[in-house]
Amino acid sequence: MGSPNNKPARIFSPHNHTSPPCTRTHQIGALLLIATTFFLTRLFDQAFPTGPPSSLNNDHSSPNVVHVSDGGSLSWPQRGYGSHLSLKIYVYEEDEIDGLKELLRGRDGKISADACLKGQWGTQAKIHGLLLESRFRTRKKEEADLFFVPAYVKCVRMMGGLNDKEINHTYVKVLSQMPYFRRSGGRDHIFVFPSGAGAHLFRSWATYINRSIILTPEADRTDKKDTSAFNTWKDIIIPGNVEDGMTKRRVAMVQPLPLSKRKYLANYLGRAQGKVGRLKLIELAKQYPDKLESPELKFSGPGKFGRMEYFQHLRNAKFCLAPRGESSWTLRFYESFFVECVPVILSDQAEFPFQNVIDYTQISIKWPSTRIGLGLLEYLESIPDENIEQMIAAGRQIRCLWVYAPEFESCSAMQGIMWELQRKLRQFHQSAETFWLHNRTIVDRRLVEFSSWVPPMPLP
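Anchor point for the sequence shown: position 130 equals 130 in the working numbering, and the numbering is continuous, going up by one each time.
All the pointers check out, no bait thrown in.
For lysine-lysine, the following DSS-like pairs were computed, each having C-alpha atoms within a straight-line distance of at most 27 Å: (1) 275 to 286; (2) 126 to 234; (3) 126 to 248; (4) 118 to 304; (5) 140 to 126; (6) 366 to 275; (7) 165 to 118; (8) 261 to 248; (9) 248 to 263; (10) 291 to 304; (11) 275 to 304; (12) 118 to 248; (13) 101 to 165; (14) 366 to 286; (15) 88 to 424; (16) 101 to 140.
It should be emphasised that the hints constitute simulated quantities derived from the structure, not laboratory data. Predicted, not measured: the structure shown is a model, and the values here were computed from it.
Work out the full structure, taking the sequences as your base and the hints as a guide.
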């Protein structure tokens, strides 16, 4: 506002000495403060990432896709997930409950966690180990949002540590000693079943853990079971366990080849196992050996590839074919991203991780398993290298989500799993055997307060 004589009002009067003059020293100090604040903010963001990889459609305005920066840091969409990870998970200790140690080490306690880390079923041990070190782990049951029940039953069964009957009996015994499991009917409890059998490894799963959260790479088991143990709304598809030597950045044991140097159009590297789709591919390779590589691999002997040799063959084609085996999921789908060949899914019932945020049409091809034949090869041959390169580049951005890496990695399978678990959180817990009173006291059918529930308890 002007003064009566139209001269501008003086904001700083020469007679006002209440504020010290802004000297060069003050200016330098202010700049240092700004620089320090910027550095600490960036350091904090890198130390505590909130999500996984790249925007597949490059639409950074979309709230429904996952984005990864050039530096590899991950941001997850807010729709349905929240703005940041905020959950507490209680991990049961192996000596805490009678029987849990047997599910981890076998009846004689001789099976080590390290022995169960290897192979395509290693996720059961990796997820357990990573949760033990997680900043989201709590040691207080009363403040936990979720409860993780560790078990290496696939590994233990494979190594003769427990048979099917023992596994079933031991699971039931363990669950009957968990008051928090009974409180919620198991809805806030997490189980990992890392193989094609899914939760069927626990024969009575449908009776006892049909409401629990199941982490598994397998959403279908129709070839051997009448019903699938996977439920789209409560369970989470997880990536298979890719060879550690292939997932290390810049030091993978086998590096991808340029497209121009790849010998084959496509390959299928796997055993026939008497499966129709696989047998068709092996026969097709005999008819068109210059286009499709598909040696009939064996469990042992001269027909068995070593791991290095396997990946050297896998990288030598533009397309990696992934047909159904004993079950619908296949580790080959995940392995293809680390040799940078485009996965071609030939398994109609297969499900894939993190579908809420990944558009699989940009990183893979799905072809009807009933149409395996020359038409498939002709179609693949018609795709320009430019399009193949685009799909490979998109896959390169999100493949970090297949890696079971420590929490300090800004993009990993565990980051994706944590975001999916966050969607499962409940404010309230109930089951058919849980009741509550006017004063918010949780009681059982006999009106015994929750704090006084004594194992073993009848299961919901």
